[in-house]
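The whole structure should be built from the sequences, with the hints applied where relevant.
Chains as they are written, first to last, in this note's numbering: chain V, 3 to 439; chain U, 3 to 439; chain Y, 3 to 439; chain A, 3 to 439.
If you are wondering where the hints come from, they were derived from the structure by calculation, not from laboratory data.
Among these hints, one or two may not hold up.
You can't tell identical chains apart in this list, so a pair holds if it fits in one copy or across any two.
Unchecked claim - Calculated lysine-lysine pairs in the DSBU-like style (CA-CA distance at most 35 angstroms, straight line):
(1) K318 <-> K68
(2) K10 <-> K322
(3) K7 <-> K322
(4) K137 <-> K322
(5) K138 <-> K7
(6) K212 <-> K68
(7) K68 <-> K322
(8) K137 <-> K68
(9) K10 <-> K138
(10) K137 <-> K318
(11) K138 <-> K212
Protein chains: 4
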Amino acid sequence: MKQPKEIKTAEGKLGVLLPGLGAVSTTTIAGALLARRGLAAPIGSLTQMGTIRLGRRTDERAPRIKEFLPIAALDQLVFGAWDIFPDNAYESARHADVLEHRHLDAVREELERIRPMPAVFYPQYVRRLHGNHVKKGASKAAMVEQVREDIRDFLRDSGAARAVAVWCGSTEVYIAPAEVHSSVARFEAGLAEDHPAISSSQIYAWACLKERVPFANGAPNLTVDFPAAWELARKQEVPIAGKDFKTGQTLMKTVIAPGLKARMLGVAGWFSTNILGNRDGEVLDDPDAFRSKEVSKLGVLEHILQPHVYGELYGKLFHKVRIEYYPPRGDAKEGWDNIDLVGWLGYPMQVKINFLCRDSILAAPLVLDLALLLDLAQRAGLRGTQEWLSFYFKSPMTAPALYPEHDLFIQSMKLKNTMRWLMGEDLITHLGNEYYD
Amino acid sequence: MKQPKEIKTAEGKLGVLLPGLGAVSTTTIAGALLARRGLAAPIGSLTQMGTIRLGRRTDERAPRIKEFLPIAALDQLVFGAWDIFPDNAYESARHADVLEHRHLDAVREELERIRPMPAVFYPQYVRRLHGNHVKKGASKAAMVEQVREDIRDFLRDSGAARAVAVWCGSTEVYIAPAEVHSSVARFEAGLAEDHPAISSSQIYAWACLKERVPFANGAPNLTVDFPAAWELARKQEVPIAGKDFKTGQTLMKTVIAPGLKARMLGVAGWFSTNILGNRDGEVLDDPDAFRSKEVSKLGVLEHILQPHVYGELYGKLFHKVRIEYYPPRGDAKEGWDNIDLVGWLGYPMQVKINFLCRDSILAAPLVLDLALLLDLAQRAGLRGTQEWLSFYFKSPMTAPALYPEHDLFIQSMKLKNTMRWLMGEDLITHLGNEYYD
Amino acid sequence: MKQPKEIKTAEGKLGVLLPGLGAVSTTTIAGALLARRGLAAPIGSLTQMGTIRLGRRTDERAPRIKEFLPIAALDQLVFGAWDIFPDNAYESARHADVLEHRHLDAVREELERIRPMPAVFYPQYVRRLHGNHVKKGASKAAMVEQVREDIRDFLRDSGAARAVAVWCGSTEVYIAPAEVHSSVARFEAGLAEDHPAISSSQIYAWACLKERVPFANGAPNLTVDFPAAWELARKQEVPIAGKDFKTGQTLMKTVIAPGLKARMLGVAGWFSTNILGNRDGEVLDDPDAFRSKEVSKLGVLEHILQPHVYGELYGKLFHKVRIEYYPPRGDAKEGWDNIDLVGWLGYPMQVKINFLCRDSILAAPLVLDLALLLDLAQRAGLRGTQEWLSFYFKSPMTAPALYPEHDLFIQSMKLKNTMRWLMGEDLITHLGNEYYD
Amino acid sequence: MKQPKEIKTAEGKLGVLLPGLGAVSTTTIAGALLARRGLAAPIGSLTQMGTIRLGRRTDERAPRIKEFLPIAALDQLVFGAWDIFPDNAYESARHADVLEHRHLDAVREELERIRPMPAVFYPQYVRRLHGNHVKKGASKAAMVEQVREDIRDFLRDSGAARAVAVWCGSTEVYIAPAEVHSSVARFEAGLAEDHPAISSSQIYAWACLKERVPFANGAPNLTVDFPAAWELARKQEVPIAGKDFKTGQTLMKTVIAPGLKARMLGVAGWFSTNILGNRDGEVLDDPDAFRSKEVSKLGVLEHILQPHVYGELYGKLFHKVRIEYYPPRGDAKEGWDNIDLVGWLGYPMQVKINFLCRDSILAAPLVLDLALLLDLAQRAGLRGTQEWLSFYFKSPMTAPALYPEHDLFIQSMKLKNTMRWLMGEDLITHLGNEYYD
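This is how it looks when you write it as structure tokens:
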């Protein structure tokens, strides 16, 4: 038995702050409320449904994760949000049309009490949406201050002991990291002078870091993934994580690509198309917003398959990703993948995958897990980039010197061995030679 | 740096003995011959194409497995086979119609020289095939002796220093392990009295163990997976492995099911159907042969998803597997899977997978890897069941007290950490906290 | 303008009698009730939604069919049923779980008033179902009399002027037409002596014919498709039609096969599998019931593709149809087809079709159309087999000398030209050379 | 028996002139050469493989179309072509990589003798291709004269009695019909002054009409579908047909959409994507070329489903078509369609279609049929737009007052009844009431 990390207890309420009160947020909140009353199961949440194997295979020790780790309980959560529309969480959920009436009605009153704070919203970063429940501020720096005040007000009004934030807003147009993102000092100067490379989501993130609120980023935006943010997070002793929730097609891709690679099967081409009809689809119909998403989605295969190492297998891989706005389906996204495989002696084979999924249903449990695990991380004294949470992201943040791990199974191993390490348990290697001889 | 195992060097030729000289065997042999001349790549073979990461991520140490492990080189292989038809390997490959003429013609002479020894063939175990290139023997015990003599003759004639065997014959009808399989003594008595629960494949395996030839079983038959065989393998210091090559649909299943489970997504139903038109499809059209296959295929989800642990997620999983003989495609097998998922709060989603694969193209690299790794295992002093080779099998053999690991990623981890352990390298846990703080 | 047929007007109420009050029947009834109140559209019903082009393309005459033909209006329908369970139509519909609560609740009272009469049910013909709301009768002949009495009672109680019947019960085990089916006299002797080749559905049909109630058969059973029934129908001047509603996979097959044939594309193989979880799936899990269905489903391609005429294209077609009971989906049936095409010079291509359909949603409009069109046929003086209704059936009944037409487009042409002929309009040939020169 | 049309006999050789000697042309030519030697079957060609039913169903008269109609025989064909590359037909076919070596080698010499004449090629209409085997001309009018000379030379050198032309070149950028296309006089003025709305394909077509060579257009370009061309065709007594070969996804669409409509099933959305890697895919990667194709592909559903008539069923149909350049597959195009259906009472269903097809394999038989049928049309005295050939086109040309028929089955009916009418046979209506009563 190794030494466990020292972890502060999860006393009091935990505020969960969500920039963006749309389909994902309301599905998350409604689900947490239903689950804590026992009205529905938080399926897809590793912290709520999962177990963790400890010791040897024959020991049969596999506690529930929520009992193994000192994370906050669902009962302890209180929710807050910002949005560009003034609808409360019930109204927004009805509009999103993800959950059935029977589910929303069961927690209607609690949802109605959640009214969004006015949003920071510079329309040039999300061009297809138009809302007017927005803050006015003299500068981006002033906006940061307003968000900080919102956070303090929220903590006071809700009685929460501490908070975490998870970005559930839209995808912003692609912004490459620039000089202004290179240090805390430069970024703060940029805020003061309304630098165009500082988008709305970066303003939220910066305010959270200043208030020592851990921050996870569910979109492909920069938000909290640039040197100045890393620096501030370490200085403030705040854990951060991102970016872009791994759901739908990319989730399947990071399951299947590692399988093909484990077996050293070649891939000549991978064509992926998506049809989706929700607000996300509408936003991504803007080519500049799609560009953010595309960068996030295309990197996955490159990192998993390592064409520079396996030139014969993956050196000529043609990878194309499309997202098509298709209103008839609403939130019920659909992915279609065609994979051209290369087998023994070069013989071709094909795999087609058709995933009839639901965007918010897949994202909601990730929001919940990230809130609980980032809060745990902070109480355990972890700070800065939390690579062990790569499991949840399409485009995981890492230390600058490292390549990201996209393989879902490596990510899962990393996540679970980090849990074991936090609690002083032996790491698992699956060697298992002790059972023989 | 840990202490590596002591491993005898791979000197001299290695005989690869294949009971069954059909599509899989001839595709394997032709491929090995082509690959060693540089005429085609042995894609799908981990030993030939793979690398293994050693040390820290930033060390960038990732040698080729074939250079890291002291396995035999392709140049050192010589092939032998048994079959119920007298066709040589070239004729049989032409008939199987898997490889193109340009590939077969390039190694035609070498293939023609491989003529099968007469088979042990009791037709009641494989009812749809009828061949007459078969041994006659007074009893099953006498059959064992004839196969032993074949092995000794092969070693002498080919000049091989040692041999390994991989079962590439047909699926036999389902046989449950019985009293006769419970000890070496009882099994040998059964051989003498022609016990009906001793099938042809068991006779080959027994002969190999007696001759200290490591044995891998590519079909779902009992063959080498029963207490008497385990006992003999340990006594004779021979490594064994099985059973049923993991290819096609089951390969995909053991990739996707772990992914769904990692994310704690529920599964309400999984329907799998296969269409295939080769000799394998014809054999499996016999319900009793299909029964062997079905047992092998159905266990996979049960073990990966653990419904006893995750009742809410997998407790009601309805799993159905069908194999349909469909001649138009020949060896180009096709799988179609429908998976009914259950997400957050119980909302349904679906995944469909259509795998246009090729049976022998997927199996051939497994035959090669198993031959090379079993030979290595024997030289490293390993004996009995080699659980670390689970990676290659639909229905992995394990120590009696253990449940099998079906998750391809756990199997891959086990395989690679065993390789590291054999060579005295640090095991990999993917914790990676050393890169932070 | 030709002479239209003389057709009696559709005065008074029309009784629609449904043997079997399960998913299909209740979906039909609820839909008719909703549609007549304007609460939902009777989509899929040609009589309600369709138009018919008359005259030249440039005339722009295309009246609604329900205005063109003197068929009964939805307001005029009254429903009756028999079933082996005593549940009323509302309870049965809830159990079938096809329609949403909001739909059923809107017509709940009307549905609750529809209580099934006790069924004729000899369990040997439908072995997987067990109900006890059944008639007791001294003989099959006595059963016929009881059903006739039911019909007369229903007409009296409901005030209906006349009635039609549509078989919506389960598929019975396969019965080949035998001597007992060869004439009215022999059949009536068979009824008296409880002949085993006379099943429950035949008893219903016979009673209907005796009462001059037109009868359509939605299952693949013999029911009303044998010489004695043909003879009786003509004698009694009753129109009859069948058999087996064309829905789901077979519907798609009779759309796609004619398309391939029109283009003279060859077909080497066609593999069809279905997964379904409703009562129908359960019944078809009995191999003898499946046999009825299989005969009905396999004939389709043979008749459309004419392998005896087009030997090079279809002479070696391998056609396999599977139905798999798969409870997770309930009534939401799913079909998967793989078609192996042969093109120019013999080059292969493939089509895969995945149909996520709903059994009762596809069948309900057929029940409605058949009731209305058979009633029209009777008022127009048509009697015996109505081949022009082939459009609705997997296995259309024809005059003995004729082959059935399975091509949906020929069937549609036949149906619409018959409508034109009934009303004295010019038939359409699509020649259209009058628009040029 | 009606009076047949007077048709000149098909004496002498028939020249088949193909602008564009790429994948489609060489596949057509090689196939015709192989078929006439009996080395492969011209599958997909209605004229070569089809039969036509005459008289009543019970008459069993169904002659081969090639025996029924006085069309030219394969033996009578001689081929000519133009192309922007100088490769002969064998070299071009090898490069296209559609047919196997065994097929090309069997007719190699004949293919090698077919050397393309230099092309008319203004690169602004096909921007992704660059060839230098091109004509130089003082003006577009001069280009017309050069092509006319080519035609006369070809007839003289080949000894052909007459010729037909089929456009097998690339898709040009979208050009809307303009003033210059409105009359023969204006068009000829436009030729003289190099009007930018006159593309290369229009020049070929104009030259053919001048030489009284019937012309079919296999691409979505204007080419021969504008008032000036219609006028000239009628004046010169030349039949013309177009446009855009109906192959692949659109072929399936015009099979399935009529099936859905026949059954009055609603369609809420239809998403179609294509992946293809040949020269066609490369050309269509240019958005302006794709625009031509998109117009051609999108019109199909609008015309078949008639949303203005069936507002409830098709009024909100969302239709999206994508073509994606994806090199790994070469000529082996793949389509994926998702159709969102609406059934009884508005309940949703889905159909997915995955078509693994081959572009040139599907197009080649259309080229052959069109050549033979246009030649027949000319000999039968037909001139101008041949609507009865709509069967072969994505975007059929019609008389100005008419809407096009896209339904493959109406097209097939029109085609076959026109054949019957030409030969004085009764038209078929599928009424068939003569078999009853």
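Alpha-carbon proximity between K138 and K7, which holds within one copy, between copies, both or neither at 35 angstroms: neither (44 angstroms within a copy, 70 angstroms between copies)
Identical-chain pair category, K68 with K322, by Cα at 35 angstroms: between (39 angstroms within a copy, 33 angstroms between copies)
Alpha-carbon proximity context of K318 and K68, limit 35 angstroms: between (44 angstroms within a copy, 24 angstroms between copies)
35 angstroms Cα threshold - placement of K322 relative to K10: neither (46 angstroms within a copy, 48 angstroms between copies)
Status of K138 relative to K10 across identical chains (alpha carbons, at most 35 angstroms): The answer is neither: 38 angstroms in one copy and 76 angstroms across copies each exceed 35 angstroms.
Alpha-carbon proximity context of K138 and K212, limit 35 angstroms: within (20 angstroms within a copy, 71 angstroms between copies)
35 angstroms Cα threshold - placement of K68 relative to K212: Within one copy only: 29 angstroms inside, 52 angstroms across.
Up to 35 angstroms CA-CA - K318 versus K137, copy category: neither (49 angstroms within a copy, 37 angstroms between copies)
Intra- versus inter-copy proximity for K322 and K7 (alpha-carbon distance at most 35 angstroms): Cα proximity of K7 and K322: none, with 44 angstroms in one copy and 46 angstroms across.
Intra- versus inter-copy proximity for K68 and K137 (alpha-carbon distance at most 35 angstroms): neither (38 angstroms within a copy, 59 angstroms between copies)
Up to 35 angstroms CA-CA - K322 versus K137, copy category: Result: close neither inside a copy nor across copies, 39 angstroms intra and 38 angstroms inter.
The earlier numbered hints that this structure contradicts are 2, 3, 4, 5, 8, 9, 10.
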